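Could you slot chain H onto chain A? The hints should help.
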Amino acid sequence: MHRRQFLAWLGGVAAVLAVTPAQGSQRASRQLVVIDLVGGNDSLNTFIPYRDPQYLKLRPSLAITDGIPLTDRVALHPALSSWQSWMEEGSLAIVQNVHYPQPSLSHFRSRDVWQSGEPKQIGGSGWLGRYLESIQAPTQAGVFLGEEYPLAMMGAGTHYLHLAPNLLGQSSLRDQVLQQLYQQPQASPLAEEVRRTVIESQRALAQLRQDLERNQQIYPKTDVGSQLALVGRLLRGGVPIVYTTVGGWDTHARQGQRHQFLLSRLGEGVTALRQDLEQAGLGKQVTILIYSEFGRRPTENGNAGTDHGTAGALMLMRGSLKSGVYGGDPALDSLVNGNLPMQIDFRQVYSEILTWLGGNPESILGESFQPLGILI
Amino acid sequence: MAAERGHFWRRISGGGTLTELSSTVPLQVLWESWLEQRQPSVTYPDLRLEREDIPPSRQRQERLQLFFDWWTAQKIKAANPLHERMVDFWRDHFTVSARMGPVPALLDYEQRLRTHALGDFQELLWSVSTSPMMLIYLNNGTNRRGRLNENFSREVLELFTVGPGHYSERDIQEGARALTGWRVVRQEAEIRSEFVPQRHDAGIKTYLGQTGAWRPEDVIEMLANHPATGQRLGRKLWSELVYPNPEPEIVAQLADVYQGSRRQIPAVLAAILSHPQFFSAKAYRSRVRSPQEFLMGSLRALEIGFDPQKVRTSLRHMGNHPYGAATVKGWPDSWITSTSLLNRLSVAQQLTEDWGDDGGFTFEPSRFSQQDLLEVLLDGEMPGAIAQDLPRLDRREQAAVLLASPLYQLL
Chain A
1 MHRRQFLAWL GGVAAVLAVT PAQGSQRASR QLVVIDLVGG NDSLNTFIPY
51 RDPQYLKLRP SLAITDGIPL TDRVALHPAL SSWQSWMEEG SLAIVQNVHY
101 PQPSLSHFRS RDVWQSGEPK QIGGSGWLGR YLESIQAPTQ AGVFLGEEYP
151 LAMMGAGTHY LHLAPNLLGQ SSLRDQVLQQ LYQQPQASPL AEEVRRTVIE
201 SQRALAQLRQ DLERNQQIYP KTDVGSQLAL VGRLLRGGVP IVYTTVGGWD
251 THARQGQRHQ FLLSRLGEGV TALRQDLEQA GLGKQVTILI YSEFGRRPTE
301 NGNAGTDHGT AGALMLMRGS LKSGVYGGDP ALDSLVNGNL PMQIDFRQVY
351 SEILTWLGGN PESILGESFQ PLGILI
Chain H
1 MAAERGHFWR RISGGGTLTE LSSTVPLQVL WESWLEQRQP SVTYPDLRLE
51 REDIPPSRQR QERLQLFFDW WTAQKIKAAN PLHERMVDFW RDHFTVSARM
101 GPVPALLDYE QRLRTHALGD FQELLWSVST SPMMLIYLNN GTNRRGRLNE
151 NFSREVLELF TVGPGHYSER DIQEGARALT GWRVVRQEAE IRSEFVPQRH
201 DAGIKTYLGQ TGAWRPEDVI EMLANHPATG QRLGRKLWSE LVYPNPEPEI
251 VAQLADVYQG SRRQIPAVLA AILSHPQFFS AKAYRSRVRS PQEFLMGSLR
301 ALEIGFDPQK VRTSLRHMGN HPYGAATVKG WPDSWITSTS LLNRLSVAQQ
351 LTEDWGDDGG FTFEPSRFSQ QDLLEVLLDG EMPGAIAQDL PRLDRREQAA
401 VLLASPLYQL L
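First to last, the protein sequences are chains A and H.
By my numbering, the letter at position 85 of the first sequence is numbered 85, and the numbering carries on one by one without gaps.
By my numbering, the letter at position 314 of the second sequence is numbered 314, and the numbering carries on one by one without gaps.
For reference, chain A alone in the conformation it holds in the complex (with noise of 0.2 Å):
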C-alpha cells in the first residue's frame, strides 16, 4: 500500500465508522462478532465441573472451589460473576468437549484449523472470509482486529479491514522510545518514506481512540475495554463481521492469578459490550462467539499452571437464544493421552452460526454437520 492507498485505507476506517444506524437502509440485519482468547483458555477452570470429584484431583492446586453454580454441573469462575444471570435470561449457551479431529496441541496448527474450519487441509482462506466471499460482500464487510495473521477473513478477493489494537495505545516505556525515534526525521528519503507511513497510520489509530474514548463511557478504561469499545462502534456502524483477538491465554505457570484477570478483564469488557449493544437496539441481531484456539491439560502441571490441551468450552451470547450447557461433561475420567476427547466438532458450531447468518455453511465447510439448535 502506498501513501495514497494509505490515505484510502483511512477513508475506508472513517466511511465504516461514520456510518450511523438510524441511517441504516444497507445494514446488516445479522451480525456476527467473534473474540479469539489466544494462547488457550483453560475452559475447566472458567465453567467448572464442581460436582465431578475427579476434577479436585486433577487440580490439586488449582481447582476453583468457590466459582457461581450456573447448572447443576457447572459453575462459573467468580470473575465472571456479571455473566451469572445471563444463563436465566436466555441470552448465553455454553458449548463444552468443542475441538477438532486429531487434534494437534501447537498454538499455531490450531489456530489454523479454527480460523481456516478446514482441519484436513488448510487453504490459504478462512471460513469467514468465504462466507463474505459467497455472499458477495463489499470489500471492508469485516473488520480483523488484532495482531494475528488474519486467516478467518481471508479469502480470494479483500472483503476486510485490518486493524491492529496493540497500536493504540503506547504506555510502555519502550514504546516512548520508539515514539522518539519515531518522531526524529530520517536523511534517508527511503528510510523518511518507512517514517511517516508508520507515524500517520499510528497518527489515524490514536485518533480513532480519542474518539472512542468520548463516546464510550460504559467500557472499562482496560486494554480489552478499549478494544470492544471499538468493536462496539464498529457493529453500531453497520459491520456484518468483526474478528478480534484477545491475548495472554497461554497460562504454564502460577495459573490463578493471571487467569483470575484475564477473565474479569474479559467479563467486564463483553458486559459492557452487551450493554452497549443493547442500548443501540441490537442485543437480538448480534451473536457473539467466544473461543478459543484449544483447552488446556486437565492435570495441573509442576508449575501450578497449565499445559496445553485439547478439546475446550466456547460461549455463545445473543439477546436470544436457547441457553443451556451443550457438549456434554468433560470426561475427566476417560481421557486420550491426558486429554479431553471431543464431543462436538467445531464446524457443527460453525454452521449453526452460518446459517443464522443466511450463509450456506455446507458449500462454505465443504460438509455438513449436524446442528446444536442454539441460534433459533
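By construction, these hints were calculated from the structure, which means they are not laboratory data.
Among the clues, some could well be false.
[To be verified] Covered, in the sense of this in silico footprint (three residues per stretch, anywhere, with C-beta under 8 Å from a C-beta of chain A), are these stretches of chain H:
1. 58–71
2. 252–263
3. 399–410
[Claimed, not checked] Label pairs and their computed distance ranges (CB to CB):
4. H:R38 - A:Q136: 37 to 45 Å
5. H:A73 - A:D333: 50 to 58 Å
6. A:Q179 - H:E4: 30 to 38 Å
7. A:S188 - H:P56: 49 to 57 Å
Keep in mind the model is a prediction, meaning the values are calculated, not measured.
Don't be surprised by glycine CBs; every beta carbon is placed ideally from N, CA and C.
Leaving out everything else, chain H in the frame of chain A:
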C-alpha cells in the same frame, strides 16, 4: 569500515552476526571463496512420514511442515551465504506456488535451484523449465501437439528471460509449439517429469527470427543466449545487490560479462561485488527489506532461536510466505505499506520477547551489550533521538526498538 562490512553482509544475508562483523578477513577473500563453492553440500529433508495411516490431505500438511522446517533452518545456517542469497534470488525470479503442486515437487524445485544457483544460467533455465513444479505451475506439462497452452511460452519470454519489447505474439505461439512434449508423471509419493516425443510438435517453427524444427531445448538455448537476457539479469542482479535502476553503462558491462563467460552466474556476481559502486553512498541502505529479509536477516544476525512454525506464521502475517506469491509476477515491488510495516513492528517485539518454554523465538540478551546491538543492527551508530533514553531499557527492549527503527527496515 564498520559500515562497509555491515553493508556487505546486509546485501548477502540480511545482516552479519557480531562475529562476522568483527572478523578481519577481507571481504573479497570471503566472496571469492563462496563463488568457488558452487554446489555447497545440503542435506535435504526426508518427506516420508512416520505414520502413513493418516488421510492424504493431512499427509500433505505434514509434508509441507517438514519441508518448511527444513527450509527455515537451511536459510539460517547456510555455510555459503552468497549461494543461499542466489537461491533466494532465483526462487523469486522463477516464481512457483506451493499451493499448486505436491510437496515432493516443491522439494525437487529447491534442489534444482540449489544445484544451478551458481552455475550456467542456461542449465538453470532448462532445469527449472523441465521441473514438475514449473510444468504444473505454468501448464507446460499439458502443452502438447494440437492442444497448445501458451502460458509458459509467454512467461518465459516476459518474466524469465528477454522481457517485453523483444518478442511478438507470434513468437509466443510458435514457442508454445516448440515447447510441447514434456509432462509430469506421478507415481504414489514420487513425482518426475519426462519428454514424450508423441506429444511434441515436430513441425517447422519460426522463433525470434530463426526457422527450424525447434525443440524445447532449442527455445531455452536461444533465450539464454539472447543479448536481452544478459542485460535483464545484469539489471536485476545489480538492483538487488547494489542499487535500483543501474545506469546503462553498468548494464552493458554486466551483459558483456554474461556473454563473455558463456552465461556463468559467478562471473556476473564477481563483476558486481568487485565494482567500485558496490560500496558507494548510492548503494548504502538503498532498498527496503522484504518481510523475509527482515525476519530471516534478524534471526540470523542476532542468532535468535526459533520455532519454524512461528517463522512461517510471521511470514504469512507479513504477506511474504515462501512460495506464496499471489501471481507469477512474484512479490510486490514495494514493501512500504501501512499494514505490512505495522505488522513488522509487532514482529520486532516478538523476536526479542521471552517466550519461555513455549516455542516462538529465543533471543539471548546476555550475549549482547548495547553497543553490540547497535553494531549488528545499525552499523554502530546510535540514533540521536534516543541516545539518552535507549540505555534505560533492558537488552530485550533495546533490541526490539532497534529492529523497529526506520533505518533497520532498509538493506
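So, going through the hints one by one against the coordinates:
1. Check result for the region 58–71 of chain H against chain A: holds, 3 residues qualifying (beta carbon to beta carbon below 8 Å, three or more required).
2. As drawn, the region 252–263 of chain H meets chain A at 0 residues by the rule of a beta-carbon pair under 8 Å; below three, the given contact is violated.
3. Given as covered by chain A, the region 399–410 of chain H passes the check, having 8 residues with a CB less than 8 Å from a CB of that chain where 3 are the minimum.
4. Taking 37 to 45 Å as the suggested C-beta distance range, the pair R38 of chain H and Q136 of chain A does not conform, at roughly 53 Å.
5. Separation of A73 of chain H from D333 of chain A is about 42 Å and departs from the stated range, judged on CB atoms against 50 to 58 Å.
6. Restraint check, Q179 of chain A to E4 of chain H: a C-beta distance of roughly 32 Å satisfies the suggested window 30 to 38 Å.
7. The beta-carbon spacing between S188 of chain A and P56 of chain H, approximately 51 Å, falls within the hinted interval of 49 to 57 Å.
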